[in-house]
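A.B. asks: So the chains spell out like this:
Number of protein chains: 2
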Amino acid sequence: MSRTLRIILAQLNLVVGDIQGNLMQLINAAKLARDTFSADIILFPELSITGYPPEDLLLRKTFLNAAIEGLYEFKEKVHGICCVVGHPYLTEQGLFNACSVIHNGAFLGRYAKQHLPNYGVFDEGRYFTAGKETCVVSIQNIPIGIVICEDLWFDIPVQQAVKQGARLILAPNASPYEINKHTTRLRILTQRSRTHAVPIFYTNYVGGQDELVFDGDSMVVDATGEMCHHAGFFTKKLMPVDIEITDIHAKIIPTPLALPSEEEQIYQALVTGLRDYIKKNGFSGTLVGLSGGIDSALTVALAVDALGKNNVKAIIMPSRYTSEISMEDACALVHTLDITHEIISIEPLFLAVQSSLTIKEETSLTQQNIQARCRGILLMALSNQTGDLVLSTSNRSEIAVGYATLYGDMIGGLAVLKDVPKTLVYRLANYRNQLNPIIPQRIIDRAPTAELAFNQKDEDTLPPYSILDKILELYLDQEQGIDEIVNQGIERNTVEQVVALIHKSEYKRQQAPPGIRIHHKAFGKDRRYPITSGFKQ
Amino acid sequence: MSRTLRIILAQLNLVVGDIQGNLMQLINAAKLARDTFSADIILFPELSITGYPPEDLLLRKTFLNAAIEGLYEFKEKVHGICCVVGHPYLTEQGLFNACSVIHNGAFLGRYAKQHLPNYGVFDEGRYFTAGKETCVVSIQNIPIGIVICEDLWFDIPVQQAVKQGARLILAPNASPYEINKHTTRLRILTQRSRTHAVPIFYTNYVGGQDELVFDGDSMVVDATGEMCHHAGFFTKKLMPVDIEITDIHAKIIPTPLALPSEEEQIYQALVTGLRDYIKKNGFSGTLVGLSGGIDSALTVALAVDALGKNNVKAIIMPSRYTSEISMEDACALVHTLDITHEIISIEPLFLAVQSSLTIKEETSLTQQNIQARCRGILLMALSNQTGDLVLSTSNRSEIAVGYATLYGDMIGGLAVLKDVPKTLVYRLANYRNQLNPIIPQRIIDRAPTAELAFNQKDEDTLPPYSILDKILELYLDQEQGIDEIVNQGIERNTVEQVVALIHKSEYKRQQAPPGIRIHHKAFGKDRRYPITSGFKQ
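Top to bottom, those sequences are chains E and G. Counting in our numbering, the first sequence runs from 363 upward without gaps. Counting in our numbering, the second sequence runs from 363 upward without gaps.
For the record, the hints were derived by calculation from the structure and aren't laboratory data. Errors might be hidden in some of the hints.
Treat identical chains as interchangeable: a pair holds within one or across any two.
[As the list claims (entries may be wrong)] Pairs of lysine-lysine, DSS-like flavour, derived with a Cα cap of 25 Å:
(1) Lys887 - Lys393
(2) Lys671 - Lys437
(3) Lys641 - Lys898
(4) Lys613 - Lys870
(5) Lys898 - Lys887
(6) Lys641 - Lys437
(7) Lys543 - Lys494
(8) Lys870 - Lys819
(9) Lys641 - Lys866
(10) Lys439 - Lys543
(11) Lys887 - Lys870
(12) Lys898 - Lys423
From a predicted model like this one, the values you see are computed outputs, not experimental measurements.
Let's have the full structure, built from the sequences with the hints guiding it.
C.D. replies: As C-alpha cells, this is what we get:
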C-alpha cells in the first residue's frame, strides 16, 4: 500500500520576542500551505513562536506566558493542516525547548529537545532542561519522528525514533550561517539518514538577528543520505515536498541544486544581516563615514544592496592627511552608487581639540585617535539629528589586533565587517564588482592606509594582511598555540606580536558594536575572554 | 581517641590566567602555612592555579597544558603539608573543574566538581563535564570529604561524602560578592552541615576580576551549623583553624565575628574591584571627569580610597550650562581630596562641532550628546597621553534607562558605579562622609542634573530616583512583569515608560565599559538580552 504526504518546509524570517508578529506569519504560512499547496503538514523552525535565540527573555515569566498564549492562539486559528510549531514550554520539571504537533485544534504530540547546545554562541544550558523522551506521532497513519536541531548531531534521538517506528523525521532548526555550514549540515544529515535509512526534513530560519544570520538552507535528505530538495539560501520560502510512503520504502522525487560560491554566500549573509538589523530595529536610513579606502567602500556597497540607495548616506570627513586620491575615489563611489553625501572637514574640530590640550608630537597616537574621534562625534551628531544608524566600517583583522580607535572609527550601531578579515574584504569587493563594477579599482589596488598621519600605511604598523589573516585564522579560529603557528613557517616575532596585540585589545572588543557573524569563532557571543588576564601565549 | 588537625583557609587574591604568578602565591602560602603556622592542611580556592573565571581561555590547549604543568610544579616544590589545589583537568572523558589533594610529592586524591553553575554570570557548562565521583581522602588517618562550591548548594555531594565516612568537608570556592551574599552562603552552609552533622571548611577568593569582586568571607561552620571562624571580607588572609576530632565528634573552638554594614560591604566591594582592575591590568593612574555632581564625586572618592590620591586626576570640563555651584563643589572636592586637577572648557570644541554642522534647536538631544562627547574626546586624549585609565561615572539607574551618552559620559575603561542605583549612590556618599567628610554636603543635597541644558534636572525627564530605582529592582532584579509592579502601587504610565526605556537602551549597554557587579542581576555577563527584540513588556 502506498500513501503520499505533502510536507511544507517553512523557511521563515521571524523576529525574536515579537510573538504576535511571528504568530501572524505562522498562521498565514499554514493557511497558504493548506489552501494553495494542499499540504498535509507544515514544518516551522525551532522556537518559531518566539524567534531564536530569545536569550534572557526566557527568564521572564511574562514572556513564557505570552509564548504559550501564542501557541494556543495558533492551535485555535489553524485547522485542516498538521503543524509542527516550536515554543518554550515550562512545566514542573523545568523549561523545555519544545515543539508541538497540532492538528484541528488538538495537540497530537509534543517533543522536548534532548541535546542542548551550550558552546559557541549557544547558551541553551542556561535556560532549558534536556528532554528525555522520543516522540513519534502518527499523521495520516504514518508514524513520524521529531527531533530538534542539535539532536541531529547525535545518533541516539533519530535512532530511537526509528526504533519506535518512525518512517520519516521532521526536524525544526535554528542553525546560524557560518562559512561552510551547508557542507557540515549536509554531512550530518547524510550520515544520520543513511545510518537509520530514514528521510529527514530539515527546516531552518532565514534572516538576521543581531550578530547571527540564518541562511535558510532548509532541505530534505532521503533515506540513502542524498539531498533531494533544497529551499535555497537567504530567501523566505514555503517549499512543498511530496513523499510517497510504501510499506517498504519512502520515496522522494529529487530536484537539482546549484550551490552559490563562497563569496556570494558571504556577501548575501552580510546583506541579510545588515538589512534585518536595520529593519527589525525600526531604522530606515544609515550613515557611513567614507574614507576612500576599501572597508568603507565595501560597507557602503553592502548597505546599498541591503537597503537601497535612498537609505544610505555617505559622510566624507577629510583631514590634512587625506590624500587627493582618497577624495577622488570616495566621490567616484558616491557617484556610481548615486547616493547622497556630505563633505565635512574635521580640521576645525581637530584644531579645537588641539588648542584645548597640550599635545606635543604631531604624529603621536594621541593625535591619530583624536582625528578618528572627531569623525565619530560628527557622525553621531548627524545620526542624532536624522535618526539614521551609523554603520561601523572596521574589519575583523583590525578589530583582532586593536588597529581601530575606540569611540572613533569603532562607533556605530552595527559593525558590518566585524567578522570579515581584510583579505576577505578584497575578495568580496572583487566579487561585487563582477556583478557590476561599482567600487573604483584604485580603491582595491592601493595599499591600505588609515590616513591619520602623512604617508601612513597599515603595513608600517602591522604585518602584511595575508600573513596577519593567516595568523588570526590559526590562533583564533583553530585555537592553535604560538609554537604550532611558528611550525607552519610564520616568523616567531610576527606571531608573538600579533598574539600580544590580540590579548591587549580585548577591552576594545568588549565595547565594540555588534557585527555580523560569518566565522565559527567570531567576536561576539562566541568569544568570552577576560580583559584582566595574565595569559599572554 | 582524639587527634587535632590545623587547617589553613587560604583566602587569596589570584589573577586569571597568570599561572606562574598564582603558582608563586600558592607555594609561598603553603610554605608559610607549614613553617609559621605548623599547619597540617592548606585549602586553596577553586581553580586556584588559573584564577576564576578563566572563561574561554579554557578552550585553549596551551592554557590547559600550562595549568597542568603548574600543578606538577607545585607538587614538586611543596612538601611537608597537605594541600588542596584547584585546577582544570582534561581527560578522555572531558574537561573537569577539579582539585587535587597533594602531599609530599604525591597525589592523595582528586575530585571533580559535580554541579556546574550555568546561570547568572556562570558559564561552567560551556567548558566542563560534571564529575560523578565522591572523593574522601584520608589525611593523618582522618577521612576528609571534598566538594567544590556549587556542590554545596545541593544535598547529595556532602551526603555521599559523609556516607563514605568523611568526618569533615573541605570546600574550595569561587563565589563572587553580591549584596546579602554572606547571608545566603551561611544559610546554605548551616543547612548542609547540620543535616549531615559534619563541619565544613569554606575557602573563597578575595579581589577583583573584571566585573566580579570576590569578598573572601571564608569560614568554618561546625557540625551543628554554627559559624565558628571567619576570615573577614575584602582582605587576603591565611586563617588557621584547629579541629579536634574524637571518635564521636569534631570540635572547633569558636571565634566571634562582627559583620560590617551593607554600605561598608558595598563600598569595600567597589574599592576592591576598582583597585584590582587598575592594578591587574597594569595601570597606575586614573582620570575622572568631575562635574560637581554626586556620581563623579563618589567615583573620585572611591578611586582615591582604592589607589591613593597620587593616582587619581580630576578633569573639570565646564560648558555654558555648568552652574557656578557645580564648579565650586568640584573644586572643593578636589581640594579636600588633595588630588591634581585640570580645568578645560569644552566651549571651543562645542563651537567647532556646531560650526561644522547645521543644528537648529539649541537644547536638542543632539546638542546635549555633543557636549557629552566633547568631554569624552578630551578625556580620551588625556588618557592616550598619560596612559591613565578613564573611569566612567554613570550609575545603574542611568544605564538602565539609557540616560547617558554613548561615546560621551559612557566612555572609560571601567564604569565604577555601573551597578550602583542612584539611591544607593547617596547612601554610599553618606557612609563615606561618616568616616571623614570629603564630599561637600551641597553635592549630596542638590537635585541631580546632567547640566547639558539651562536649568535641566534629571526629574524633568525621568521619574524621581526613589521610584525609578524601585521599578528597576522589581523589573530587573526580581524579573517581575508590568502588571505585578503596578499592583504594588506604582503608576502604570511610569512603569511602562521605564520598561520601554530599558528595552530601548539595550544597544547602549552592550557597548558600555565593564562595571563592578554588586547585584545578583547586573548589566554584565548576567544580562544576555537581544538588541533586536519585539518583546516590550
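A.B. asks: State for each hint whether it applies.
C.D. replies: Going down the list of hints, with the structure as the test:
| no. | hint | result |
| --- | --- | --- |
| 1 | Lys887 - Lys393 | neither (37 Å within a copy, 42 Å between copies) |
| 2 | Lys671 - Lys437 | neither (42 Å within a copy, 66 Å between copies) |
| 3 | Lys641 - Lys898 | between (41 Å within a copy, 17 Å between copies) |
| 4 | Lys613 - Lys870 | neither (54 Å within a copy, 53 Å between copies) |
| 5 | Lys898 - Lys887 | both (21 Å within a copy, 23 Å between copies) |
| 6 | Lys641 - Lys437 | neither (29 Å within a copy, 59 Å between copies) |
| 7 | Lys543 - Lys494 | neither (28 Å within a copy, 35 Å between copies) |
| 8 | Lys870 - Lys819 | within (22 Å within a copy, 33 Å between copies) |
| 9 | Lys641 - Lys866 | between (35 Å within a copy, 15 Å between copies) |
| 10 | Lys439 - Lys543 | neither (36 Å within a copy, 48 Å between copies) |
| 11 | Lys887 - Lys870 | both (15 Å within a copy, 16 Å between copies) |
| 12 | Lys898 - Lys423 | between (43 Å within a copy, 13 Å between copies) |
In summary, the structure is inconsistent with hints 1, 2, 4, 6, 7, 10 from the numbered list given earlier, while agreeing with the others.
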